[in-house]
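Order-wise, the sequence lines are chains A and B. Throughout the first sequence, residue numbering follows numbering that gives the first Met the number 0, covering 0 to 440 in sequence. Throughout the second sequence, residue numbering follows numbering that gives the first Met the number 0, covering 0 to 440 in sequence.
Hints are not guaranteed to be accurate.
Given that identical chains are not distinguished, each listed pair holds provided it fits within a single copy or across any two copies.
Quick list of in silico lysine-lysine cross-link-like pairs, DSSO-like style, CA-CA up to 27 Å [stated by the list, open to error]: (1) K122 x K89; (2) K32 x K192; (3) K192 x K33; (4) K342 x K162.
Derived by calculation from the structure, the hints in this document are not laboratory data. Computed from a predicted model, the values in this text were never measured in an experiment.
Number of protein chains: 2
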Amino acid sequence: MTEISEAGTKSKTPVVVIVGGGFAGLAAARSLKKAPVRVVLIDRSNHHLFQPLLYQVATSGLAPADIAQPIRSILRDQANVEVYLDEVMKIDTADRLVVTADLTFRYDYLILACGARHSYFGKDEWEQYAPGLKTLNDAISIRHRILAAFEVAEKASDPEERKQATTFIIVGGGPTGVEMAGAISELARFTLKKDFRHINSADARVILIEAAPRVLPVFDPSLSEKALQQLRQLHVDVRLNAKVTKVTEDYVEVDGVPIPTRTVIWAAGNVASPLGKQLGVETDRQGRVVVNPDLGIPGHPEVFVVGDMAFAKRANGAPVPGVSPAALQGGYHVAENIIRILKGEPTQPFHYFDKGSMATIGRNAAVADLHVVKFGGLFAWLAWVFVHLYFLIGFKNRVRVFFGWVFSYWTYSKGSRLIQVQPKDGALLHNPPADPLPPQK
Amino acid sequence: MTEISEAGTKSKTPVVVIVGGGFAGLAAARSLKKAPVRVVLIDRSNHHLFQPLLYQVATSGLAPADIAQPIRSILRDQANVEVYLDEVMKIDTADRLVVTADLTFRYDYLILACGARHSYFGKDEWEQYAPGLKTLNDAISIRHRILAAFEVAEKASDPEERKQATTFIIVGGGPTGVEMAGAISELARFTLKKDFRHINSADARVILIEAAPRVLPVFDPSLSEKALQQLRQLHVDVRLNAKVTKVTEDYVEVDGVPIPTRTVIWAAGNVASPLGKQLGVETDRQGRVVVNPDLGIPGHPEVFVVGDMAFAKRANGAPVPGVSPAALQGGYHVAENIIRILKGEPTQPFHYFDKGSMATIGRNAAVADLHVVKFGGLFAWLAWVFVHLYFLIGFKNRVRVFFGWVFSYWTYSKGSRLIQVQPKDGALLHNPPADPLPPQK
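Excised from the complex, chain A in its bound form (with noise of 0.2 Å):
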């Protein structure tokens, strides 16, 4: 067996293996900064992701480099880091080790915060046609598909098709699913335009689906109201009250009614990383792991679970929620409670301070609850922007970001409308019209 640590022979410095450089885990890797133990972190992507925009990417808002930053790069400065670009198979409690593809890492303290994916409620076989929006490949591959749908619009001669081309359909009215429904509805009725000479792409119909009877139900109610007016301003058709009953490559089936279109992006549910069911201990619905209130697990005190991948429960027995707020906070927690445990004091319970939400629709609209104060329209959208640039990591991003969103918003352009598969892999293009082209004019 390899030994990343030497624990016990060479050297007595604890290991710290964090698996995940998402929020949680590069928080609590930069709290370890001072503590006296070496931090392995292992991520299977090379980069940190700042997760809150990705849906600019996905809507060519923003380029992949202006929300991702390498992880490397990052904790550069941080001595007692090393990072893995790996993909952690095997987790062993038994025997505190962490095995990858590659290597085996004995640890002293593990903290595991991978996040979740998107559950299709055991209809697996629906994500190839409703993907769904985590990764930077996600983004890129929702990107293509908004974009080459439109193209295969313009080729089309029958208007059946050219109507099921141009319509999108997107699963789920949380924060995700609103701020998609928001910004494919822009692309479509003032970005693209002027780009077309056989359709009109504001023509384009976006449905937002959701099963409660009201969109972003973890607000407040009345910025759902809010949020609802500002969708409808858009042209968002927004079905509340409404169940996805099946997904195919030609149509989604909405309570029984299906819906031609060949676009549809998936923001309905989550499931945590599958690495959570290894520990041994009880997980929830959801997958999540059930910690201790000081984000430990039953029997290993040593173990900890921080961020989407934890169900952990406020004082009042509320759910601390998968946000990434919650996930820095945990994140912070975790290493100061493991820097407890060196200096011989208890752990401390977890407190989630919850500072609001916000949600984005638009040029000019989105929604804020901060408590105190509930506002939506334009100042909740100039708040939005203030606080998703001031969080960006990255001095250079911020200020790319920030040209590039001024930019955006006096011209309604966006820059990133790059397809970067080519016709040939088939991914573009999945019927050739019969009869493709109407004499123009």
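Position chain B relative to chain A; hints supplied.
Below, chain B alone, put in the same frame as chain A:
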């Protein structure tokens, strides 16, 4: 058959079909703005690419969106142009048809501007190990390989394997090869310097192989000498009069001597688009169509070939070089010749106006040959920056790229160091090391 033009039936407006949205095709389309024609521009990707800066995407200096812009968006305000994202399969000069994967177009005038791909001199099996650099996909794939090589080295325990992983071989000492060699060396020696714990990224070997006795063979010999000095200052191992005799997954053979490496970049040769062969006229050894002085083809005065796909002779008998200014000028010229034909005037021969050549080697390092004056060093670098920014299409890109360069210049950081593939794709790790990690320090 589908007729896009309806020429001769309902409408008398002549149809100009342009294949390719690179410098030549785009220049031709724009020059036809006020001409009484309908322009159909077909490209298999949706974006125009600023190819002179592609090596910056391949070496993490720029993001893909910085140097690419949707062709539709460039031509959105030109009412007589239609853009199709499609791949041309067949050209029928007898019936004046262009057949794509999806559609058939009838033309009155045809402009072929499909460019070139890299050529392996009959050794096509080398391509999988030694990718060339022509498209955004090529650049992203090379960026992944370069970054992944350092990740592999960081995990390797065998010093030979580590050395192999951090050996980068560039085949071909023309502008692309010189630029790639300089940029990889800077990446290794400055940008990544503090990112790793088990390797010193600055130990990477960058080997540039050129069959001729000097780099930049088309430049003035004094500038080749300057470029060589600058490359050596950047610790690039330049091998002149050297020939690649074999390329495999594990090594490159140079004049019979194997050099272990897993990262090879091919910048050695070009072959024109295979569509040229379908015209039934003479092509040269590189597959370029031998054109008349007016850039038309023998026997078909309505068909023009331009850019890297054409073999045109200058007044002094030398061929027009395959560079972007020649493509731009050729595109304008062909459009003007079509306008002349429509007016009943004779076409004019093409005269290439050679403004000079430039190549950049790194921070402060470049060479420029403006005929009246030849220079290297910082001033050439500033001239290079200015010229490339000036010709970047789109205000937003220009400002973004400028900002990115200034930032990189100050900090040596490179903002686009993203690996979007995941390790399990197999693209990243060739062989997991048998006994991977040495004890730290």
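Requested in this report: Evaluate K32 and K192 at a C-alpha cut-off of 27 Å and name the case that applies: within, between, both or neither.
Outcome: Result: close only across copies, 20 Å inter versus 50 Å intra.
Query raised in the report: Is the C-alpha distance from K192 to K33 at most 27 Å within one copy, between copies, in both cases, or in neither?
Result: The answer is between: 22 Å across copies meets 27 Å, while 54 Å in one copy does not.
Query raised in the report: Should K122 paired with K89 be assigned to within, between, both, or neither, using CA atoms and 27 Å as the limit?
Result: within (26 Å within a copy, 43 Å between copies)
Query raised in the report: Given a CA cutoff of 27 Å, do K342 and K162 count as a within-copy pair, a between-copy pair, both, or neither?
Result: neither (65 Å within a copy, 42 Å between copies)
Comparing the model with each earlier hint shows a violation of hint 4 alone; every other hint is respected.
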